[in-house]
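Each protein sequence line maps, in turn, to chains A and B. So in our numbering, spot 17 of the first sequence is number 17, and the numbers just go up one at a time. So in our numbering, spot 6 of the second sequence is number 1006, and the numbers just go up one at a time.
Simulated from the structure, these hints should not be mistaken for laboratory data. This structure is a prediction, so every number in the text was calculated from the model and none was measured. The beta-carbon is built from N, C-alpha and C at its ideal position, and this holds for glycine as well.
Covered stretches of chain B, as calculated for chain A (at least 3 residues, CB under 8 Å):
| id | segment |
| --- | --- |
| 1 | 1054-1063 |
| 2 | 1066-1074 |
| 3 | 1098-1111 |
| 4 | 1141-1148 |
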Amino acid sequence: MAQPGKSVRLDVLRSELGRVRGLGAARSGSGHWWLQRLTSIALVPLTLWFIASAMRLEGATRSDMITWLHGPVPLTLMLCLAVTTFWHMELGLRVVVEDYVHQNRTRLTLLLLIRTLCIVAAVLCVISALRLGL
Amino acid sequence: MKDIRDALMVARSSDGKLIRRPLSPHLQVYQWPISMALSISHRVTGVGVSVGALLMTWWLVAAAVSDSAFATVQGFLGSGFGVFLLFCWAAALLFHLFTGIRHLVWDTGAGFDDWVHLGKTMPTYRASGWAVVIVTIVATLIVWIVGVVIW
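One chain only, chain B, in its complex shape (with noise of 0.2 Å):
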C-alpha cells in the first residue's frame, strides 16, 4: 500500500479474509444500460464542448483584431474541416445541454419512479435518457437543416 487513501480499499470477502475491493463500475463485464452510456457521454461532450468554447473565443477576438484575422477564422470554419468541427461542436452542445436539464430534474428528486406506457412499465430515467438521444438528433437536424438553408 503505497497511498494512504488505498486504506479505504481494503475490505473483508465472506470468508474473512483481507482482500483489496474490487473497483466499481466493471466496463469489460457489464451489459451498458442507457444511464450507464449516457452518464459517460454527458462527461465526454462536456470537454468536448469546452473545445467549442475555445473556437467561440477565436472567433470573437479575432473579429474584434482586424479584418484579415476575422477572414481567416470565417474561412476555417467554412472550410470541410471547420464545417465538421462545428457540426460535432453543435451536436455535443445540444446533448450536453438536454443531459444537463435530465440532471437538473433529478436534482429536483423528480425522475426515479416508474414510467407506464402502452401497459408496459420502464424507469422514467431510461424513457427520459432515450428522449434525450431523440431530442438531440432532432434538434441537431433541425439546426443544421435550418443553417443550411440560411446559408
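Isolated chain A, as found in the complex (with noise of 0.2 Å):
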C-alpha cells in the first residue's frame, strides 16, 4: 500500500465515514423527486391543451382571449397550468443550477433569482388569467 499524501495532498484529515457522514443526504431530495414527477404527470394532459389552445388562438384578438378564458374549464385549466408549469420549471432548474454551479455564492443568487421568477411569473400569469376570464 503506498504511503497516502504521496501523490495527493489531504489537507481536510477526516475519516471515510466522517466524509459519508459529513456530506449526507440534506433530507429533502425525496420530497424534491417526488414534487418533480407529480407537476410532470399534471403537465402531460395540460401542455397537450395548451398547445391545442394556442393553435386556436392564432391571430387572436383581446376579445377573443377575453371569450375563451369566460369558459369556466379554460380558465380552470390555465390556472392549474401557469401554477404547475412554473412549480416544475423551478424544480428543474434548481437541478440544473445546484449540478453545474459550484461556487457557493453564484449558487445562492441564481437559486433565488430562480424561484423569485418563477413564483412572480406564476402569479402574473394567474392574476391576469383572472383578470381576463372573470
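Please assemble the complex out of the two chains, which come individually in their own frames, going by the hints.
This is how it looks when you write it as C-alpha cells:
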C-alpha cells in the first residue's frame, strides 16, 4: 500500500465514514424528486391542451382571449397550467444550477433569482388569466 | 485540496497510488449513444421551454393589460423572429414532453429490458429513444402544418 499523501495532499483530514456522514443527504431529495414527478404527470395533459388552445388562438384579438378564458373549463385549466408549469420549472432549473454552478455565492444568488422569477411569473399568469376570465 | 467535497474524489489506482478519480462522462472520449444525447437534450430543452413559459407570461399579461400591449405581443409573435421562437418552443416542448413521459415510464421500472424486433435484439431504452425522436418530429410537423392551415 502506498503512503497516503504521496501523490495527493490531503489537507482535509477525515475518516471515510466521517466524509460520508458529513456529506450525507439533506433529507429533502425524495420530496423534490416526488414533486417533480407529480408536476410532470399533471403537465402531460395540461401541455397538450395548451398547445391545442394556442393553435386555435393564432391571430386572436383581445376579445377572443376574453371569450376563451370566460369558459370555466379553459380558465381552470389555464390556472392549473400556470401554477404547475412554474413549479416544475423551479424544480428543474434548480437541479441544473445545483449541478453546474459550484461557487456557493453564485449558486445561491441564481437559486434565489430562479425561485423569485418563477413565483412572480406564476402569480402574473394567474392574475392575468383571472382578470381576463372573470 | 480546497473544498471538502474534493475528499470524495480521492481513490487508489491499481498500483495502490492515491489519485484523483476521473470524472465521468468523458465527453471527448465517448461515442455518443442515443441515450446520452437524449439525456442532455432533455435538460437543454427544459431550460429552453422555461424561456417559452416566460413568453406565455408576456402574452397573458399583455392581454390583461391593454389592446396596444396585446397588439405588440401578437405583432412580435407574428414576425419572422417570433415565428422562429414559437417553432423552437413547440419543438422543444414536445421533445421535453415525450422524453419526460419516457422518464415517467422508467420510474415504474419498465423500459430497461430487451426489445426484439424482426429477429434483432436491442435494448428497449435505445428503441424508445429513437421512438421519442420520431414522435417529436412527427408531432412538431403536425402542429405546424395544422397551425399554418388554420392561419
